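Visitor: One letter stands for each residue in the lines below.
8 protein chains.
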Amino acid sequence: MEQMKTIELLRRVQSGALSPEEALVSLKLQPFEDLGYAKIDHHRGVRQGAAEVIFGQNKTPEQIAGIVASMHASGAGNIIITRMAPKAAAFVAKEAELDYDAVSRVGIAYRQPDTPQAGFIVVASGGTSDMPVCEEAARTAEALGNRVERVYDVGVAGLHRLLARLDVLMRARVVIAVAGMEGALASVIGGLVACPVIAVPTSVGYGASFGGVSALLSMLNSCASGVSVVNIDNGFGAGYLASMINQMEAAT
Amino acid sequence: MEQMKTIELLRRVQSGALSPEEALVSLKLQPFEDLGYAKIDHHRGVRQGAAEVIFGQNKTPEQIAGIVASMHASGAGNIIITRMAPKAAAFVAKEAELDYDAVSRVGIAYRQPDTPQAGFIVVASGGTSDMPVCEEAARTAEALGNRVERVYDVGVAGLHRLLARLDVLMRARVVIAVAGMEGALASVIGGLVACPVIAVPTSVGYGASFGGVSALLSMLNSCASGVSVVNIDNGFGAGYLASMINQMEAAT
Amino acid sequence: MEQMKTIELLRRVQSGALSPEEALVSLKLQPFEDLGYAKIDHHRGVRQGAAEVIFGQNKTPEQIAGIVASMHASGAGNIIITRMAPKAAAFVAKEAELDYDAVSRVGIAYRQPDTPQAGFIVVASGGTSDMPVCEEAARTAEALGNRVERVYDVGVAGLHRLLARLDVLMRARVVIAVAGMEGALASVIGGLVACPVIAVPTSVGYGASFGGVSALLSMLNSCASGVSVVNIDNGFGAGYLASMINQMEAAT
Amino acid sequence: MEQMKTIELLRRVQSGALSPEEALVSLKLQPFEDLGYAKIDHHRGVRQGAAEVIFGQNKTPEQIAGIVASMHASGAGNIIITRMAPKAAAFVAKEAELDYDAVSRVGIAYRQPDTPQAGFIVVASGGTSDMPVCEEAARTAEALGNRVERVYDVGVAGLHRLLARLDVLMRARVVIAVAGMEGALASVIGGLVACPVIAVPTSVGYGASFGGVSALLSMLNSCASGVSVVNIDNGFGAGYLASMINQMEAAT
Amino acid sequence: MEQMKTIELLRRVQSGALSPEEALVSLKLQPFEDLGYAKIDHHRGVRQGAAEVIFGQNKTPEQIAGIVASMHASGAGNIIITRMAPKAAAFVAKEAELDYDAVSRVGIAYRQPDTPQAGFIVVASGGTSDMPVCEEAARTAEALGNRVERVYDVGVAGLHRLLARLDVLMRARVVIAVAGMEGALASVIGGLVACPVIAVPTSVGYGASFGGVSALLSMLNSCASGVSVVNIDNGFGAGYLASMINQMEAAT
Amino acid sequence: MEQMKTIELLRRVQSGALSPEEALVSLKLQPFEDLGYAKIDHHRGVRQGAAEVIFGQNKTPEQIAGIVASMHASGAGNIIITRMAPKAAAFVAKEAELDYDAVSRVGIAYRQPDTPQAGFIVVASGGTSDMPVCEEAARTAEALGNRVERVYDVGVAGLHRLLARLDVLMRARVVIAVAGMEGALASVIGGLVACPVIAVPTSVGYGASFGGVSALLSMLNSCASGVSVVNIDNGFGAGYLASMINQMEAAT
Amino acid sequence: MEQMKTIELLRRVQSGALSPEEALVSLKLQPFEDLGYAKIDHHRGVRQGAAEVIFGQNKTPEQIAGIVASMHASGAGNIIITRMAPKAAAFVAKEAELDYDAVSRVGIAYRQPDTPQAGFIVVASGGTSDMPVCEEAARTAEALGNRVERVYDVGVAGLHRLLARLDVLMRARVVIAVAGMEGALASVIGGLVACPVIAVPTSVGYGASFGGVSALLSMLNSCASGVSVVNIDNGFGAGYLASMINQMEAAT
Amino acid sequence: MEQMKTIELLRRVQSGALSPEEALVSLKLQPFEDLGYAKIDHHRGVRQGAAEVIFGQNKTPEQIAGIVASMHASGAGNIIITRMAPKAAAFVAKEAELDYDAVSRVGIAYRQPDTPQAGFIVVASGGTSDMPVCEEAARTAEALGNRVERVYDVGVAGLHRLLARLDVLMRARVVIAVAGMEGALASVIGGLVACPVIAVPTSVGYGASFGGVSALLSMLNSCASGVSVVNIDNGFGAGYLASMINQMEAAT
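Sequence order for the protein chains is A, B, C, D, E, F, G and H. Here the first sequence stands for residues 1 to 252, numbered as in the working numbering. Here the second sequence stands for residues 1 to 252, numbered as in the working numbering. Here the third sequence stands for residues 1 to 252, numbered as in the working numbering. Here the fourth sequence stands for residues 1 to 252, numbered as in the working numbering. Here the fifth sequence stands for residues 1 to 252, numbered as in the working numbering. Here the sixth sequence stands for residues 1 to 252, numbered as in the working numbering. Here the seventh sequence stands for residues 1 to 252, numbered as in the working numbering. Here the eighth sequence stands for residues 1 to 252, numbered as in the working numbering.
If you are wondering where the hints come from, they were derived from the structure by calculation, not from laboratory data. Fair warning: this is a prediction, and the values are worked out from it, not measured in the lab. Note that the Cβ used here is the ideal one computed from N, Cα and C, for glycine as well. Some hints here could point you the wrong way.
Straight-line Cα separation of at most 27 Å, DSSO-like style, residue types lysine-lysine; simulated pairs [stated by the list, open to error]: (1) K94/H / K87/D; (2) K87/E / K87/A; (3) K87/H / K87/G; (4) K94/D / K87/B; (5) K87/F / K87/C; (6) K94/F / K87/E; (7) K87/C / K87/A; (8) K94/G / K87/B.
A partial selection of chain D residues facing chain A, derived with a Cβ cut-off under 10 Å [what the hints assert, rightly or not]: (9) Y100; (10) G119; (11) G155; (12) G158; (13) H160; (14) E182; (15) S187; (16) V188; (17) G190; (18) A194; (19) S203; (20) G205; (21) G207; (22) S209; (23) L220.
Just chain A, same shape as in the assembly:
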């Protein structure tokens, strides 16, 4: 598609409709808007099949609201804002339609009505404390148009809890396995299911959990095939990737 655009551009130069200098400018034309504090990429939805996502951490409420407004003006909907403090959410909600969840700190601005979906993603967690990360993953996936099944508090130290939900796990198209502490959940699930498993280590724990390092290493060393890992506490990344995989069409 990019190649098509380039050839089209060159054809217009060939036909004299465009001077070489104009073409150069056009080739360089940034498909983003510069707000000073941020460059917004309005074509990303086109290129990557999803709207821009705003990483809310380290941004002021005013900056978030400004980016939302700019994106909305460009026609974007279902704008995902992650790691948004309640205070920032309150501010943004005054200026835009916002659906905010305080547990995951995820906001969806200008939410679109859901499209019905065939396959689904499972978000599984080791313990109650992992819920903020789980919900970041789940809500991201939902905002991107996926059905999500939550299977929480099924840590491996009580295997019967996990086995009781085996049916839903085995029917998933992707599983997101969220766990802190020893992070064994990803391996155990990876050995049970036949679909891709995205492991998310969390910083939940104490002592030798080292802020998620223990779970991260466990997951990277998983003996189960089909498991890959994202950054500690990166629920968004897992939800986004799960959506990509769940929405794959059959190769043609």
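Keeping the supplied structure of chain A fixed, place chains B, C, D, E, F, G and H upon it in accordance with the hints.
Guide: Just chains B, C, D, E, F, G and H, lined up with the frame of chain A:
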């Protein structure tokens, strides 16, 4: 399906065809064969859509040959053996049909004729030294029935090399990005393509690369969406997961 | 016992008292209650010889009180709550009988009268600052029905303090050795006694103690036989394991 | 007992049978023999219920043989030598009765006939490569007079293999869980059994397993109660501790 | 020059204008003023071509103001104060001419009028959150008499943003590449430009970014030639070094 | 001396003045007082040539005051309290004579008049921010009866400052070198002086200083002979050891 | 310049001399030659002012010789090969003019006669063992057309050795400071000279030097201004960067 | 003394006996000889009270022999060579009088007859495997003119072995405590003796000993006063420092 089997079993108890004691034994019957030094899982192909894979490291040539023989006797083909030393390959080749690649140290026993495939996987690498890991990934994916395009030596310090192959990258269904040193390849590719990217850090480098830790951390911290990571040098894991994703059918 | 239950179930299918489908449901029936934010395992006392323990950290006072109420309704007593903030304790105490200790932050809900015990556990500590972890261990062990002797502030830099208590140490059935800083206490005690020693590193210290890592490594490297280690600051885990060992009956 | 000895000594001073100076010497008399390169502790069997153990690593064959000879001269049998290279074993075998196992590198000098035992210890392992550590644990426990059941290659990525051996696991008095890579075996077993679990991380793995660190952290962070950990690859330590626990008598 | 001074001094001794004792004192005369809490180096401007810089962190407002006053009294202008809290800036501003920037926390006391400059330094950043470090670098370089071009929010996950500014990057005499997370910016820029690149890792990120370690390692492992690295968040150091390089004269 | 006491005791048993049982109790008699929260060692001054030192961190004001009172009652003076918060100092000062320094957080209770001393200790520091640790060292040494010369802010990046104080450094009997950041001060001083150098890494710095680890490693790797290291920020330990060395008498 | 080329290309399309399709191909034409195992960048000398450098580690002698031949055929001279084993050098020397140094393992193929140079680079080292890294830096710089002064074995533990060479250090345009162990050399030199200092940590040392980590951290934490750091043992990188800086022309 | 020399020099300038230029040269005259590969410091014996020490690691036999010859020619005796391989020792022994110990790999060239000494140093070790480091310390101290008492194999897991040697420990003027694994020896000895304790961590151990890091951290965190630490395996450094302390004269 597992549920179906259980119900069938219980029905046979109901009908008197099976005593409760026999059923218990049957429920426990291991779907694996015990060779003493290893338990071989003959049903795994059924459950997970792929034959058993043999991790050759730390196994004697005799053990590998024994496992291959047992699997072949059970009807398996396309048996993948990773991390197999040339010496072990020579031994196994005497007792079984073996297709062995010395660079990746991957062997395929009783290789099946390839099935034509529509979509393809790209394996991209930062530098020449990453080739063993790349080939482990590529050959695994090929043995599992995928078409693979190799895009090697396109490290980010010479961006024009990578951009020159942008067309093949953008048409891939999955990209495996293999890199040592600073591991930036995954992020750069992740920002360019719209499909899942599986990042494989390699232990290539010296000094502060710390045997792959630098690349691993880089990849975990990727700002690009759709990137997940497997263990250092784990070409097999990446190839296996890429195959899972590439072969996904549309959700129904 | 589990096997007995399964056979019984299968017999009822055989006799027609149960349909195969009902049996399947029954086999899957979760031995836990789902409170939404947590799944409570009412059978654990039966399976593991102790009531459920509530890890209070990261739970709201309301959640703790809810779990206690649910467990109490199922007949549980001596419910141990660890890492409970004073504020949460005050809340729970309004709704349940609670025995709370502010140093260890351990609460016991619906405490049962103590059963006299023959053997005893020693909890030994290196310094005054380790007391919260010591008391978490000691109170856990006591709640599980053990007699505990406290031998505190006997760090190895003043060996005569430790030797003065040698008699009680040598009569113990299990010793819990709690220490931060250089963590040498476990090795020294391990060399003196003939019973299992459970080492608990604490995060007490500064500089190169790295939040307990120094003590942890020391303890893992103990040259004394019979020493094993639990997580940094994990007084509960040590108390629980010590109880298991102390209450062992002679093999028959 | 030690107190009894001291009082006896003091009584002999009181009675004039011993001068104070002689008593002082006697109080200091080392209960070990000094071979120059090592001090052998002949009373340890008495104090700790087991013969001295020889850590063979970093000792010359001559040194090992010398220590064995000295211990045997003092009446010791069942002398355990760990980490003994085959070459050293060959040398020692020329001078002493030696039962040597090349996989675990454990030798037993002057083995005593086994005493029948009631309870048993389970040694469980994640994979075939963990076998040297497993056998070090198993053979240590056997030499100390315990019955050992081996449950090998039951890693959590193939849960059905583990569940198939649940009966033997649930009847054990102590379980030694040996695993490298992600080390999840200890947590999963810890959640299933009601007896103490001794976790042994192994250095088996590659990449982010960091020579056993990943498994070690996993095990320390286990959510299952009753799990404690020994040093990486420390099969001996686990076997020794398991023996202590298995041989406990009921408290009186 | 130092040698010239020493010879001059010795000549004055030779001529009798100075006694040996006076010369010794003079040789030792400290080219700094001792304020008790700090020793101020008034000759540094001469020796190193720049005024003393005040590292504001861990200094009281009174101490900063005192040092500024002492330096100003010695004739210094363009005094750079880094890591100065707003509160300290408010205090200092009462006693001295101060140009303070709250984002970078850099203050310039007694700013001199800018000298026009031919070449320029580019400060490039991966994301909005890196701005404080960027501005510390940029303002330091400006205060030292350099022209600075800011190229912000051009992280490698959106390569077109970076390529759109390629012209300014390629005309720079030095580039300062500031990035957190995976830190790939330095490598990508290093491969595109032909001038020195100073990489500044930032502590921006979460999880496995480990407070800037991930970016630091990435940058140290850069495959691009001409890249060197300063401490995490050390914008000042990068700005200072960039100034040194930008102001180099042709070798004669 | 301890031997003398033991022989005396045994003589009294021999003479019948003491029964063996009484002697046993006496041999075990603890030379410390048990306050419940701490065991105070009144004989330490005798055994180690210095009064007990109170580590104030993690102790309540009441506990500190209690220990001071108990020690004072036993005749101790010059009682050193380290890491004492201003609030605790205010409390203790109400109940005891206290000389408190807010920078180092060191208090001396019941200070004794200084004894004149011949040799002296130098405390040298890299920068102003290291002062709290320096003063902890200096005040500890002074309280133990030593003369201390302070040579502050002589970091190696401005070598002339250090060289200007070379005379006092070279006349010292011990040097305490306190530095954060790159910690090079210890090596440079170690190469200049002929007396023992005690290196104290401090947690001062940012980024890759990792809370003092960088300075600690530097100091451990010092190429200069005669340098040894204490824990990060352990000014007390350095002052105590320096006092031991400074007060050594000639061997006889 | 790149812009000029693009405009020229577009003009040829405008004039009809080139079809759009041909232009697209031309825009994509890779300025590198693909040897299969490597992509050689023949334009790099033009773009970055230096010929391609071959990183010899992990390449076979045949591969190195092949790359040299390809580059030489394109007109390149002064081809730098780093980390080349003596065996590889012997092989390459048979097929090309090669100047090889066994200490630094640097080879220069088709060396060009030196151009006289005005300014010079100093390579300074802490100890004799750092020489391989020093020589890699020095020979790289020389091959790139710089004069190099070697100031070796001037570690900070013997400051007079360094001060004796102060004159040459102070006249340098760039200093490369190479040191292992505590790495203090960079800070001390950085405080003495007024030019950029490139610090190269080396893996020389033992124990807590951790393969160069100690020196690396020291150098990153340098308090001296104007110091930046390259990877452990990266002599080449330092030499290359030093050349860039030394050859800067005055800004115009 | 240095001041005296400088004043003398200046007086000679004053008197005309020396021109300023000659004085400058003289002030700079290096008190070392340059062998090309090393700069030998012949005055060090004078300045620091001991002959130059040769760190043999990474030096060729020829280089060592050359340095020894140069030092001997300058009148040095008792030249200590550490970390010298047997092969190098054999070479050096052909050209110089050499007393070489294969365990510690320490050689003394041109050994001087011992001077009788009053006080003594104790070298204590945790286990047999630490002996090479112990002997490096002991032989260094002996070569520097000290009496050394060896107290080996007294690890804290068998406390009675250590207590049996308490008398010699308590009479020492300095103790060097050498231990790997958990490194507790330094703390235990530090609590028993009243003299300085130099702790030497060794790389002996396996698993979580991490090449000596565990022992190093233990020792740095020692609660005992009077303990300081040198680098892992740095027996030489400990022996050198112990000699400094042991040979201190009373302050005058």
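Visitor: Decide, hint by hint, whether the structure agrees.
Guide: Each hint, compared with the structure:
no. : hint          : in the structure
1   : K94/H / K87/D : violated, 34 Å
2   : K87/E / K87/A : holds, 25 Å
3   : K87/H / K87/G : holds, 25 Å
4   : K94/D / K87/B : violated, 34 Å
5   : K87/F / K87/C : holds, 25 Å
6   : K94/F / K87/E : violated, 34 Å
7   : K87/C / K87/A : holds, 25 Å
8   : K94/G / K87/B : violated, 32 Å
9   : Y100          : violated, 31 Å
10  : G119          : violated, 24 Å
11  : G155          : holds, 5 Å
12  : G158          : holds, 5 Å
13  : H160          : holds, 9 Å
14  : E182          : holds, 4 Å
15  : S187          : holds, 5 Å
16  : V188          : holds, 5 Å
17  : G190          : holds, 6 Å
18  : A194          : violated, 13 Å
19  : S203          : violated, 12 Å
20  : G205          : holds, 6 Å
21  : G207          : holds, 7 Å
22  : S209          : holds, 5 Å
23  : L220          : holds, 4 Å
Taken one by one, the earlier hints fail for this structure at numbers 1, 4, 6, 8, 9, 10, 18 and 19, listed in ascending order.
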